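**Student:** Sequence:
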Amino acid sequence: MFSLKLITTYSPWLILACLAVGALYAWLLYSKRAPWPKGINYGLAVLRFVVVSFLSFLLLGPLVRYISNTTLKPTIVFAVDNSRSVSLFSDSVQLKQTQQNLQQLIDKLQDKGYNTSIRTLATTQPPQSLPQVKFEEEVTNLSQLLRNVQSDYENQNLAGVVLLSDGIVNQGISPTYAHYNFAVYPVALGDTVPKKDVVLASLRYNKVNYSGNRFPLEAELQHDGFGGARATVLLKENGKVVERKNITIDQRQAIQQVPFQVMASGLGKRHYEVEVVPQQGEFTTLNNTKHAYIDVVKGKIKVLVAAASPHPDIKALRAAIESNENYETELYIPGLTPLKQQDYDVAVLHQLPGRTAGGEAAINLVRRKQLPALYILGPQSDMSAFNSLRVGLNINGAATTDEVTSAVNANFSTFKIAEEATERMQKYPPATVPYANYQLTPNTETVLYQQVGRVKTNRPLLTIHTSGDVRSATLLASGTWQWRLAEAAAHQNPVVYDKLITNLIQLLSAPRNKKRLNVYPVQNEYTSSDEIRFEAETYNEALEPIYGQNITLKVTGEDGAAKSFTFANGENQAGVNIGSLSGGRYTYTATARIGGQLQQDKGEFVVEELQLEALNAVANHTLLYQVASGSGSRLYYPTQLQQLEEDLLKADYKDLIYSTEEMHDLVDMKWLFFVVLALVSIEWFTRKYNGSY
Numbered sequence: 001m002f003s004l005k006l007i008t009t010y011s012p013w014l015i016l017a018c019l020a021v022g023a024l025y026a027w028l029l030y031s032k033r034a035p036w037p038k039g040i041n042y043g044l045a046v047l048r049f050v051v052v053s054f055l056s057f058l059l060l061g062p063l064v065r066y067i068s069n070t071t072l073k074p075t076i077v078f079a080v081d082n083s084r085s086v087s088l089f090s091d092s093v094q095l096k097q098t099q100q101n102l103q104q105l106i107d108k109l110q111d112k113g114y115n116t117s118i119r120t121l122a123t124t125q126p127p128q129s130l131p132q133v134k135f136e137e138e139v140t141n142l143s144q145l146l147r148n149v150q151s152d153y154e155n156q157n158l159a160g161v162v163l164l165s166d167g168i169v170n171q172g173i174s175p176t177y178a179h180y181n182f183a184v185y186p187v188a189l190g191d192t193v194p195k196k197d198v199v200l201a202s203l204r205y206n207k208v209n210y211s212g213n214r215f216p217l218e219a220e221l222q223h224d225g226f227g228g229a230r231a232t233v234l235l236k237e238n239g240k241v242v243e244r245k246n247i248t249i250d251q252r253q254a255i256q257q258v259p260f261q262v263m264a265s266g267l268g269k270r271h272y273e274v275e276v277v278p279q280q281g282e283f284t285t286l287n288n289t290k291h292a293y294i295d296v297v298k299g300k301i302k303v304l305v306a307a308a309s310p311h312p313d314i315k316a317l318r319a320a321i322e323s324n325e326n327y328e329t330e331l332y333i334p335g336l337t338p339l340k341q342q343d344y345d346v347a348v349l350h351q352l353p354g355r356t357a358g359g360e361a362a363i364n365l366v367r368r369k370q371l372p373a374l375y376i377l378g379p380q381s382d383m384s385a386f387n388s389l390r391v392g393l394n395i396n397g398a399a400t401t402d403e404v405t406s407a408v409n410a411n412f413s414t415f416k417i418a419e420e421a422t423e424r425m426q427k428y429p430p431a432t433v434p435y436a437n438y439q440l441t442p443n444t445e446t447v448l449y450q451q452v453g454r455v456k457t458n459r460p461l462l463t464i465h466t467s468g469d470v471r472s473a474t475l476l477a478s479g480t481w482q483w484r485l486a487e488a489a490a491h492q493n494p495v496v497y498d499k500l501i502t503n504l505i506q507l508l509s510a511p512r513n514k515k516r517l518n519v520y521p522v523q524n525e526y527t528s529s530d531e532i533r534f535e536a537e538t539y540n541e542a543l544e545p546i547y548g549q550n551i552t553l554k555v556t557g558e559d560g561a562a563k564s565f566t567f568a569n570g571e572n573q574a575g576v577n578i579g580s581l582s583g584g585r586y587t588y589t590a591t592a593r594i595g596g597q598l599q600q601d602k603g604e605f606v607v608e609e610l611q612l613e614a615l616n617a618v619a620n621h622t623l624l625y626q627v628a629s630g631s632g633s634r635l636y637y638p639t640q641l642q643q644l645e646e647d648l649l650k651a652d653y654k655d656l657i658y659s660t661e662e663m664h665d666l667v668d669m670k671w672l673f674f675v676v677l678a679l680v681s682i683e684w685f686t687r688k689y690n691g692s693y
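full-length UniProt numbering puts the first residue of the sequence shown at 1, with every later residue one more than the last.
Take these hints with a grain of salt, some might be off.
The calculated lysine-lysine pairs, modelled on DSSO-like cross-linking and capped at a C-alpha distance of 30 Å, are [to be verified]:
id, residue 1, residue 2
1, Lys602, Lys298
2, Lys195, Lys96
3, Lys269, Lys207
Derived CB-CB ranges, DEER-like [what the hints assert, rightly or not]:
id, residue 1, residue 2, range
4, Leu19, Ile682, 35 to 43 Å
5, Lys96, Ile657, 37 to 45 Å
6, Gln261, Asn238, 54 to 62 Å
7, Ile682, Leu16, 20 to 28 Å
8, Met663, Arg33, 46 to 54 Å
9, Gln261, Gln342, 26 to 34 Å
10, Glu541, Thr337, 40 to 48 Å
In short, the hints are calculated from the structure, not lab data. Note that the structure is a prediction, hence the values are computed from the model and not measured. All residues carry an ideal CB built from backbone N, CA and C; glycine is no exception.
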C-alpha cells in the first residue's frame, strides 16, 4: 500500500498568490491581439499560466511525503536438532514418520496463509523439506540455533518456532537461561529411560610432553547399571595395546578415574586410544572409545647464563627466561660456579668478553659449538674483544658512558613486541650504555634505539645479527634489572621485560628457516566437524616472497589413504580448503617447482574425533519442557502433532503492517524539470510556427 502527500513550509494561502502571479503573467503576455486564432491564444495563455504558477509554487519549498505500508504474514520456523544423537538413540521409523508429519503440517500452514522456514544446526543452506534433513552434526548447541532464528527474523513477523529435538545439549549454554520474544513449541524425540551403559566420558592429559618423560593420562568412566562388574580398559598406540587395566566398577560412584603412565618416546605427534572392552548387555558401544593426540617435543631448551662477575642483571635475566616453562638456565660465573659441559641451545653472556680473565671458557664454548648468543655489554666488557667476535655491531671510541632509555623500532617485525611495550619502556629507569660510534654490519636489525631524555636517536640499544644459520643479539645496556623491578612495581607483573627476553631466546634458539616452500595448516589441531585450511608461502633465491606458484598438496591418513590437492598461493594468502576429515593423525607433503627447481615441504596435523553425540543416550525432555514453559507454550510428542497443529491455528497470529515515511523536496525531482521544459518548448514552438512577433 502506497500514498503520498504534498506539504509546504509556508502557509497554503500563498498558493493563491502563485496562481495570481501566473494569471497576471499570462494576461499581460496574451491579452494583446495575436496573429493566430483565439483558440491557440487561449491554449498558449494556459501553458504560460501553468508554468509560471508552478515555478512560483516551487519558491514556497514544497515537500512530498511518501508513506508505504508493508504487510508481513506470520512466520513459523521449524528448527531441527539434526545432531547425531537424534538418529543414534531415536526409533528410526518414528523419526522418519515425524519428519513426514511435520512436513504435512508445514504444507497446511502455508495453505492457511502462514510463511514457514526450516533451520538446522548447520550453517549451510537448510534443506527445502523436513524429510531431506540428515542427522549428522557432531555437536548440539540449541541456544545458538534459537539465537540465530531470533536474529534472522528480528524485523519480521516471527510468530513461533517448532523445535524438533531430543533435548541433549553438549555445547553452548542451556536454552532455558535465554529469553525469546516468540513462542517455542518443542517436539520431543529420543528415550528418557536410562540404559545399561559404560561410557568413556573424557581423557585428561597434557597435549605437549617432553621426549623421554612419562606423562599421566587419566580416563574418566561413567556407568549406569554395571556397579560391581569387572571391566577392562585398554591403552593403545597405533592399534597396539601398550597397557591393560582390569578394574572393578564402583557401584557407589557414577564416575570413576582410571590412570595411566605413558612414556613419551620419539618426536612429533603421537596417537593414543583408550577403549573400555564392551560389557555384556551394554546398550551401545559407540561411547566406549576415546582418542588422545600428544605432541612429543624435545626436552626443555637449555640456556647458559655466563657472567664476568655477580650482578643484579643476572637474576632478572634468569627470572625472565624461566617465566617460560620450556626454558631452563644454567649459571656460570668464573671462580664461583663451574661451567657444566652440557648441550646448550643458546647462551647469554653478561659483560663477556671481559676486561679481566676468567670468562674465556664460556666464550670458547660458544665459538666451538657455534651457539647463538645474547651479548650484554657493560663497564667490564672488553670492546676490542667484542668487536673481534663479528656479531653485527662494531663499537669504537667508547671512552665514556651515557644514560639512556629505550625506544621501539616501529619497522622491526621479526618477532612481535607487546602492545604495551612502548608506553611501559618509556617509564623504565635510564640504563648505562657506552657513548661511542656504532657501526652496524649487513644482516643486522635494530630492535630498540637509544633515547636521551625525550630525543630518540638513531644509535642502537638492542640489535639482532644473522650470519649463515646462526643468530646473535647484542644489548648495550647495563643495569636492566631496574627495568624489570620498575615494571613489576608499577604493573605487578613485568610482562614487557619478560616477553622481550623470552622472544630473544626463542628467536636465537630457533633454526633459521631457509625453505623456499612453506606450506602449513592454519591450525595444528582440528575437530572432525572443522573445515581444514592450508596456507602457503614461496620464496625466490634471495628469500623474497613470490606469488602465483602452483603447489601440489598430498594429505595422508594413518590408514595410508591419501588425497591430493592443487592450488596457487596468492598475495592475500587465500590458500586451499580441503574440507573436513575424520579423526586421526595426518601427514602432508607439498611440492612446487620454483625457479625451475623442485621444492618440498612436509608436516603433520591432528583431527580429533569429537564423539560428543555418542556420550549421552538418554533424552532430556525436562529441558524441552522448561523452554516451552518459559515461552508460554507446552511440550509435544510425535503422537501429538495434530494437537500442535490445532494450537498453532488457535493462536490466530495476525499480520503485521510496517509503515515507512520519506520526505523529499519537490524541486529535487528531475522529471518535473523535463515536464516544465516540455511545456515551455511547446509554447515556443507553437508561437514560432504560427508567426510570433
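**Student:** Next, verify each hint and record whether it holds.
**Tutor:** Here's how the hints hold up against the structure:
no.: 1; hint: Lys602 to Lys298; result: holds (19 Å)
no.: 2; hint: Lys195 to Lys96; result: holds (23 Å)
no.: 3; hint: Lys269 to Lys207; result: holds (9 Å)
no.: 4; hint: Leu19 to Ile682: 35 to 43 Å; result: violated (21 Å)
no.: 5; hint: Lys96 to Ile657: 37 to 45 Å; result: holds (40 Å)
no.: 6; hint: Gln261 to Asn238: 54 to 62 Å; result: violated (19 Å)
no.: 7; hint: Ile682 to Leu16: 20 to 28 Å; result: holds (26 Å)
no.: 8; hint: Met663 to Arg33: 46 to 54 Å; result: holds (47 Å)
no.: 9; hint: Gln261 to Gln342: 26 to 34 Å; result: holds (27 Å)
no.: 10; hint: Glu541 to Thr337: 40 to 48 Å; result: holds (46 Å)
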